[in-house]
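Number of protein chains: 2
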Amino acid sequence: MTGSLDVAGLGPGDSALVTPEVTAALAAATDVVGYIPYVARVTPREGLTLHASDNRVELQRAQQALELAAAGKRVVIVSSGDPGVFAMASAVFEALQQSPALHALDIRVLPGITAMLAAAARAGAPLGHDFCAINLSDNLKPWALVERRLRLAAEADFAMAFYNPRSTARPYQFARTLEILREACGRDRLITFARAVTTPDEHIETVTLAEAQPEMADMRTVVLVGNSATRKVGRYVYTPRHAE
Amino acid sequence: MTGSLDVAGLGPGDSALVTPEVTAALAAATDVVGYIPYVARVTPREGLTLHASDNRVELQRAQQALELAAAGKRVVIVSSGDPGVFAMASAVFEALQQSPALHALDIRVLPGITAMLAAAARAGAPLGHDFCAINLSDNLKPWALVERRLRLAAEADFAMAFYNPRSTARPYQFARTLEILREACGRDRLITFARAVTTPDEHIETVTLAEAQPEMADMRTVVLVGNSATRKVGRYVYTPRHAE
Numbered sequence: 007m008t009g010s011l012d013v014a015g016l017g018p019g020d021s022a023l024v025t026p027e028v029t030a031a032l033a034a035a036t037d038v039v040g041y042i043p044y045v046a047r048v049t050p051r052e053g054l055t056l057h058a059s060d061n062r063v064e065l066q067r068a069q070q071a072l073e074l075a076a077a078g079k080r081v082v083i084v085s086s087g088d089p090g091v092f093a094m095a096s097a098v099f100e101a102l103q104q105s106p107a108l109h110a111l112d113i114r115v116l117p118g119i120t121a122m123l124a125a126a127a128r129a130g131a132p133l134g135h136d137f138c139a140i141n142l143s144d145n146l147k148p149w150a151l152v153e154r155r156l157r158l159a160a161e162a163d164f165a166m167a168f169y170n171p172r173s174t175a176r177p178y179q180f181a182r183t184l185e186i187l188r189e190a191c192g193r194d195r196l197i198t199f200a201r202a203v204t205t206p207d208e209h210i211e212t213v214t215l216a217e218a219q220p221e222m223a224d225m226r227t228v229v230l231v232g233n234s235a236t237r238k239v240g241r242y243v244y245t246p247r248h249a250e
Numbered sequence: 007m008t009g010s011l012d013v014a015g016l017g018p019g020d021s022a023l024v025t026p027e028v029t030a031a032l033a034a035a036t037d038v039v040g041y042i043p044y045v046a047r048v049t050p051r052e053g054l055t056l057h058a059s060d061n062r063v064e065l066q067r068a069q070q071a072l073e074l075a076a077a078g079k080r081v082v083i084v085s086s087g088d089p090g091v092f093a094m095a096s097a098v099f100e101a102l103q104q105s106p107a108l109h110a111l112d113i114r115v116l117p118g119i120t121a122m123l124a125a126a127a128r129a130g131a132p133l134g135h136d137f138c139a140i141n142l143s144d145n146l147k148p149w150a151l152v153e154r155r156l157r158l159a160a161e162a163d164f165a166m167a168f169y170n171p172r173s174t175a176r177p178y179q180f181a182r183t184l185e186i187l188r189e190a191c192g193r194d195r196l197i198t199f200a201r202a203v204t205t206p207d208e209h210i211e212t213v214t215l216a217e218a219q220p221e222m223a224d225m226r227t228v229v230l231v232g233n234s235a236t237r238k239v240g241r242y243v244y245t246p247r248h249a250e
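Line by line, the protein sequences give chains A and B.
In the numbering used here, each number is its position in the first sequence, counted from 1, plus 6.
In the numbering used here, each number is its position in the second sequence, counted from 1, plus 6.
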């Protein structure tokens with residue numbers, strides 16, 4: 007028997023946003039590997055082994071999944087959102103690079119609805135023009151690089167989406183982000199805080215940068231910043247398709 | 007009867023990538039509005055009126071959909087990919103802004119798998135670190151702004167995704183894009199051409215900027231450019247999670 011590895015995105019939370027492709031992969035799996043809360047979203051059944059692990063062990067988790075697949079299992083690694091956006095797909099290919107014997111393994115990445123696009127949909131269309139996505143965590147890169155990217159993104163007049171904006175372990179960085187944005191984009195720029203999108207805890211709020219407070223974000227929040235043309239209509243916020 | 011308007015993303019092509027949320031919205035619709043090839047992806051049935059229109063009339067199409075919803079219809083506007091990424095959602099809110107009488111209308115944006123994330127999944131994980139998305143068409147913005155964004159994105163060391171890279175009406179722009187990228191990112195930078203992703207015509211090819219030719223892209227292609235750390239492993243291309 008030849009094993010396989012699918013790296014699957016479960017979307018932001020609502021099961022109505024899980025693609026049929028991912029549902030089929032889970033139905034065919036012998037083993038599911040992932041961070042504890044994501045594995046908890048998979049319905050247990052006979053013949054399926056669930057391997058839940060802690061958050062900060064992406065590379066070990068990827069290695070474990072590769073080994074199970076090499077041993078003939080049909081493995082699915084589950085990520086929240088899309089596996090290719092600040093999630094497990096990159097870690098899997100890093101682990102693969104360290105294991106040349108496994109390069110022939112059949113690996114598929116199954117896309118999912120990523121948090122920024124679910125959040126944008128709930129808010130209106132704030133990412134309706136050129137935009138960028140930045141992970142504000144400095145666990146895997148120096149904070150100076152984040153600041154540099156924020157300033158260049160503002161100069162390019164990109165709309166912006168921020169993943170992992172703030173955690174209790176690093177409250178300072180998001181406060182600094184707001185300072186940089188006020189300076190680079192002005193106090194009237196619109197910013198949307200989208201917490202726990204598509205779950206029962208969902209909370210969406212659009213304010214100006216002048217009104218934005220660091221405490222409006224936590225690790226369950228995706229933050230969207232408009233470009234210079236982003237505006238409100240009724241309860242929606244959107245970025246026009248045109249630019250000058 | 008109160009009408010409603012859903013702006014729905016059909017994903018890149020494969021029906022296994024249409025979310026159950028979108029499938030349910032189409033099943034409940036009385037009217038479907040959209041660009042001809044996207045409406046062609048909706049199965050006709052009794053009680054459902056299909057309104058297919060040409061490509062360059064987004065604002066009229068949005069207006070038509072708003073009017074149908076205001077008249078009590080359950081309307082779904084269909085977009086390819088995700089409606090919030092270079093698609094119909096922004097046009098709908100622009101049209102809404104012109105129709106203050108309709109501001110109370112119930113509008114939902116239903117996210118979909120956008121082309122760049124489907125393409126990234128097929129290629130590996132080239133967008134696995136901070137990235138930007140740029141529409142290379144200069145129909146709705148000056149070309150000078152596109153060039154400016156390309157240079158700033160390269161300076162920020164973002165991975166990049168390009169929508170609408172090249173059409174027969176504007177072959178020059180993508181050739182110019184490759185020149186700018188070679189200058190700003192070097193000739194060894196990896197670039198992926200993903201054509202007709204998830205359809206029977208799918209073709210994915212990763213080359214260096216030195217090898218890239220303008221003819222490798224057309225309007226059915228999404229182009230992904232790595233950052234300075236993007237590399238290949240086996241048949242995959244990925245961008246590491248870490249940066250220095």
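It should be emphasised that the hints constitute simulated quantities derived from the structure, not laboratory data.
Model, not experiment: these values are computed from the prediction.
The reader is advised that the hints may include incorrect statements.
If chains are identical, the list can't say which one is meant, so a pair holds when it fits in one copy or spans any two.
[Claimed, not checked] Mimicking BS3-like on lysine-lysine, the simulated pairs with C-alpha atoms at most 30 Å apart in a straight line are:
1. K79 / K238
2. K79 / K147
3. K147 / K238
Structure-based check of each hint:
| no. | hint | result |
| --- | --- | --- |
| 1 | K79 / K238 | between (50 Å within a copy, 25 Å between copies) |
| 2 | K79 / K147 | neither (34 Å within a copy, 50 Å between copies) |
| 3 | K147 / K238 | between (34 Å within a copy, 21 Å between copies) |
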